[in-house]
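Those protein sequences? They're chains A and B, same order as listed.
For the first sequence, numbering that gives the first Met the number 0 begins at 0 and goes up steadily by one.
For the second sequence, numbering that gives the first Met the number 0 begins at 0 and goes up steadily by one.
Since the hints were derived computationally from the structure, they do not count as laboratory data.
All C-beta atoms, glycine included, are put in the ideal place defined by N, C-alpha and C.
Please note that the accuracy of each hint is not assured.
Computed list of lysine to aspartate or glutamate pairs in EDC-like fashion (alpha-carbon distance at most 20 Å, straight line) [as the list claims (entries may be wrong)]:
(1) Lys393(A) x Glu420(A)
(2) Lys130(A) x Asp201(A)
(3) Lys130(A) x Asp144(A)
(4) Lys130(A) x Asp368(B)
(5) Lys78(A) x Asp258(A)
(6) Lys217(A) x Asp258(A)
(7) Lys78(A) x Asp15(B)
(8) Lys452(A) x Glu483(A)
(9) Lys463(A) x Glu420(A)
(10) Lys130(A) x Asp149(A)
(11) Lys130(A) x Glu336(B)
(12) Lys78(A) x Asp368(B)
Okay, the calculated bits of chain B under chain A, using three or more residues with CB under 8 Å as the criterion [claimed, not checked]:
(13) 149-157
(14) 294-304
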Amino acid sequence: MSGYEAVIGLEVHVELATATKMFCSCPNEFGAPPNTNICPVCLGLPGALPVTNAAAVELAIRFGTAVGSTIGRAIFHRKNYFYPDMPKDFQISQYDEPICVAGAVVVPALDEAGPTTVRLVRAHLEEDTGKSVHVGGTGRIHDADHTLVDYNRSGVPLLEIVTEPDIRSAEQARAFVNELRAILALLGVSDVKMEEGSLRVDANISVRPAGSTTFGTKVEVKNMNSVRSVAHALEFERARQIELVTAGGAVEQETRHWDEADARTHGMRSKEEAMDYRYFPEPDLVPIAPDREWVERIRAAAPAQLPAERAAAIAAAAGLPANLAAAVAYTPGLADWVDAEVGAGADVTQAYVWASQEVLAHLNETGKTWVDVAPPPGTFVELGELVGDATLSKKLAREVLADVLVSRRRPRDIVAERGLEQISDDAELAAIVAEVVAANPDTVERYRAGNEKVAGFLVGQVMKSTAGKANPGVVQALVRSALEP
Amino acid sequence: MPATARGIASAVRSGDVSAVDVVAAALRRVEAGDAAIGSFLRTYADTALERAGRVDAAVAEGRDPGPLAGVPVGLKDVLTTEGIETTCGSRILEGWQPPYDATVVQRLRDAGAVDVGKTNCDEFAMGSSNENSAYRPVANPHDRSRVPGGSSGGSAAAVAAGFVPVALGSDTGGSIRQPASLCGTVGMKPTYGRVSRYGLVAFASSLDQIGPFALDVADAALVYDVIAGHDPMDATSIPHPVEPVTGGLDRGLDGLTLGVVEELSSGAGFEAEVLDRFRAALAEAERAGARVVDVSLPSTAYALSAYYLIAPAECSSNLARFDGVRYGLRVGADDVEAMNRATRAAGFGPEVKRRVMLGTYALSAGYYDAYYGQAQRVRTLVIDDFAAAYERADVLVSPTSPTVAFALGERTQDPIAMYLSDVCTIPSNLAGHPAISIWCGDGAAGLPVGLHLMAPALAEPLLFQAAAGFEAVLGTKAAAV
Ligand SMILES: [Zn+2]
């Protein structure tokens with residue numbers, strides 16, 4: 000089996016984060032009641048005409064300039080086929096003159112083999128279709144009683160990103176999708192929520208003897224609804240094809256659906272017809288002719304670094320391990336927020352430690368995004384000041400931060416309300432130390448007999464009786480002086 | 000009561016005549032006379048009279064009621080009207096009430112015009128005789144045994160019959176100018192992109208334009224000035240400001256060079272009486288100070304063929320949406336695909352089916368370049384030919400139609416003969432240029448002959464000036480009633 004390698008190319012559909020749809024002014028939002036974000040244009044009513052949303056073009060150009068695509072004149076084509084959730088029975092898409100041509104995404108190293116460059120064929124703009132809901136039976140089209148169609152998604156702007164067949168394993172495909180998501184999120188091109196369908200991945204996969212330069216017969220895999228299912232589906236399909244070929248069989252060119260439930264790909268039951276989409280230039284739209292100046296303005300306004308570069312910069316500036324720096328850099332919005340705190344006076348290392356530990360732990364536990372929980376600006380600055388003036392221990396500071404992420408309140412308000420100020424008052428602490436020393440004569444004995452380690456126990460007792468609010472440095476000093484004969 | 004649009008508007012604006020009376024009179028004329036003509040598929044008296052009442056109220060309150068105050072208008076049934084059935088002359092849209100108004104409809108109403116009804120037409124504007132209407136054919140008001148031309152035959156007939164002073168049509172290959180010619184009215188197609196197509200149910204998107212019918216050039220000019228202009232809802236709409244045409248109508252023909260297009264004014268298909276009237280008109284023009292030269296548009300030999308690839312190709316895609324899923328006719332079947340097929344089979348007439356099939360074929364993989372691609376190259380050649388001709392002439396002229404109105408039924412079994420009706424008008428659509436048809440006299444049987452004037456893109460002021468200049472020496476044909 001190890002004599003074979005997979006050859007994988009991906010087609011990624013990304014919903015663009017515009018306020019309005021691709022060709023009309025309906026809101027582009029997820030989750031509205033069915034058929035409420037619709038108008039004559041996105042319903043394809045007779046007589047209605049599309050007008051290109053410049054914001055969608057701008058986001059496509061922002062992506063293209065970030066990954067090194069060539070941006071030039073582009074035109075829309077009509078892709079003709081009948082489908083009930085496609086109201087015009089053609090999709091406005093791009094064909095031989097897409098908005099972004101070529102480009103590449105560098106996927107960071109998975110292992111000692113080093114980073115992989117995945118070249119892009121193109122990225123083109125198109126409109127999304129509506130959504131069919133099959134009612135009755137198993138909820139699938141073949142045994143449904145009837146079908147309802149929601150056109151809210153009809154006309155939502157999509158960027159379809161097509162890679163060259165440069166990917167060689169399922170893991171690499173997963174890493175590529177992660178990298179692409181991070182780039183799209185960083186650029187603000189999309190909210191990349193796979194569970195809401197704003198990022199959808201299809202794959203072409205074939206196998207061949209390792210080292211061969213020809214391609215095997217490719218299979219298209221669809222219905223991979225998470226990054227994890229991309230990896231699982233492609234690994235399954237790779238193994239399936241290798242098994243077929245090594246048994247002397249042949250791979251059939253077909254489209255297969257990934258079934259999450261039984262963790263297998265299935266050939267589509269319906270007969271495979273070669274579709275003729277009868278592409279021709281969309282006569283209702285004029286060509287997109289982005290002038291150099293506009294493209295340069297878009298390029299200049301975009302973040303200067305892609306996530307991988309950002310991670311390296313964070314590791315260097317904050318002295319963070321590479322994996323922690325990457326975790327922050329790949330969390331949309333987080334590094335920008337932290338950098339703003341550092342700019343406002345927070346300590347860079349402290350700030351990134353908080354981000355890579357408390358913040359990421361919180362996001363992992365709750366499944367929320369940074370955008371959902373981001374606290375008011377100045378939170379890390381304030382937290383740093385509370386540690387700096389010894390109001391909070393570092394441990395308590397982490398506790399306060401955890402509270403902030405849930406309550407979004409100011410650290411000082413939390414400290415005041417919960418009475419968390421650190422006790423540094425010598426007299427107050429000296430009295431507590433005296434009590435502890437008096438209550439533990441055995442320990443004092445052992446210390447004086449030369450076992451100095453036991454001082455730690457007494458310090459711990461003081462901390463315990465102050466509910467952790469005592470300044471540990473002061474307690475340490477007071478305990479030692481109380482123990483000296 | 001005045002008969003012209005400008006006469007009505009002026010009388011309504013001054014308060015001499017009420018818009019309600021004008022509109023009521025128009026509705027009475029339709030009621031009394033249209034059973035024999037069939038120019039309207041439906042009228043809406045209540046809505047129209049209510050709108051006319053608002054025009055009168057504006058006059059009474061001293062507000063500007065607009066340049067078309069109280070003018071009754073017919074709208075070709077390919078223009079959407081909110082809440083008013085819009086069928087495109089097809090069974091597949093029977094009963095469909097659009098939720099929005101076409102931009103031109105809005106512009107007319109804003110100018111004080113009162114649309115009274117939707118006019119008959121060939122199904123989805125495909126035809127040259129109006130016999131492809133799914134509802135009923137239209138009779139030519141000047142000879143009811145003959146066709147009014149098409150596809151905007153209802154609009155042409157409604158004006159020629161004197162029901163309404165002006166009407167809107169759409170012109171993809173001659174669908175305004177050819178019926179105007181056959182009915183003896185003025186019919187004008189603007190530069191592509193000059194009038195918004197938003198709300199025009201598309202036949203062939205890269206060729207369609209909306210334009211006016213009227214009994215004379217000045218009325219057509221008045222309507223053109225109202226409907227022309229940029230519309231952000233139509234991406235192909237031209238952003239340049241409109242140069243009004245009404246101010247330059249009296250400049251005459253003196254000093255203009257008229258280019259007679261050899262390929263569009265000679266040959267076996269042209270009736271002798273058409274060519275006679277055409278030559279007589281040119282002689283009149285020379286007497287009025289115009290210079291007449293011969294020009295050639297050699298690529299127009301392929302224009303008809305190119306048109307019958309491009310227009311069906313675009314129509315095959317534009318008409319795909321009539322699938323029974325969302326609106327209009329639905330013929331039930333076991334699954335969606337069968338429902339689509341049954342609906343389209345029952346809902347479309349034979350000419351629409353013919354063009355959808357032609358267009359589907361022309362766009363198919365392996366044929367695209369030989370058909371659609373080649374046709375687009377012809378289009379470029381036609382544009383180049385026009386540019387060369389406009390080096391030598393200000394305005395180009397030809398007959399509008401090779402023949403006068405033909406008999407109902409005469410060409411229905413011969414699509415190619417029907418297609419040849421538009422041989423003179425199609426080149427302007429391929430080039431996107433403005434063109435107009437005016438009356439230039441009657442043939443032996445009293446049937447009108449049309450003179451066709453063409454001008455470069457956005458040269459509407461010149462086109463209307465030349466048309467008005469011709470009209471000054473040729474006169475106008477009175478309404479039939
Ligand atoms: Zn919409």
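Checked hints:
1. About 12 Å separates the Cα atoms of Lys393(A) and Glu420(A), which keeps this hinted pair within 20 Å; it holds.
2. Proximity of Lys130(A) to Asp201(A) is assessed by CA-CA distance (about 18 Å); at most 20 Å being required, the pair is judged to hold.
3. Using a Cα cut-off of 20 Å, the hinted pair Lys130(A) and Asp144(A) holds, with the two alpha carbons roughly 17 Å apart.
4. Only pairs whose Cα atoms come within 20 Å are accepted, and Lys130(A) paired with Asp368(B) is rejected, the gap being roughly 34 Å.
5. Between Lys78(A) and Asp258(A) the CA atoms are separated by roughly 28 Å; this puts the pair beyond 20 Å, and the hint is violated.
6. The straight-line distance between the Cα atoms of Lys217(A) and Asp258(A) is roughly 19 Å, inside the 20 Å bound, and the hint therefore holds.
7. The suggested pairing of Lys78(A) with Asp15(B) is violated, with an alpha-carbon distance near 57 Å, which exceeds 20 Å.
8. Distance check on the hinted pair: Lys452(A) and Glu483(A) sit about 14 Å apart at the alpha-carbon level, within 20 Å; holds.
9. At most 20 Å may separate the alpha-carbon atoms for a hinted pair to count; Lys463(A) and Glu420(A) meet this at roughly 15 Å.
10. Among the hinted pairs, Lys130(A) with Asp149(A) is consistent with the structure: their alpha-carbon atoms are about 5 Å apart, no more than 20 Å.
11. A hinted pair counts as satisfied when its Cα atoms are at most 20 Å apart, and Lys130(A) with Glu336(B) qualifies at roughly 17 Å.
12. With a C-alpha separation of about 16 Å, the suggested pairing of Lys78(A) with Asp368(B) holds against the 20 Å cut-off.
13. Under a criterion of three residues with beta carbons nearer than 8 Å to beta carbons of chain A, the stated coverage of the stretch 149-157 of chain B fails, only 0 such residues being counted.
14. Coverage of the stretch 294-304 of chain B by chain A is violated [criterion: at least 3 residues with CB-CB distance below 8 Å; count 0].
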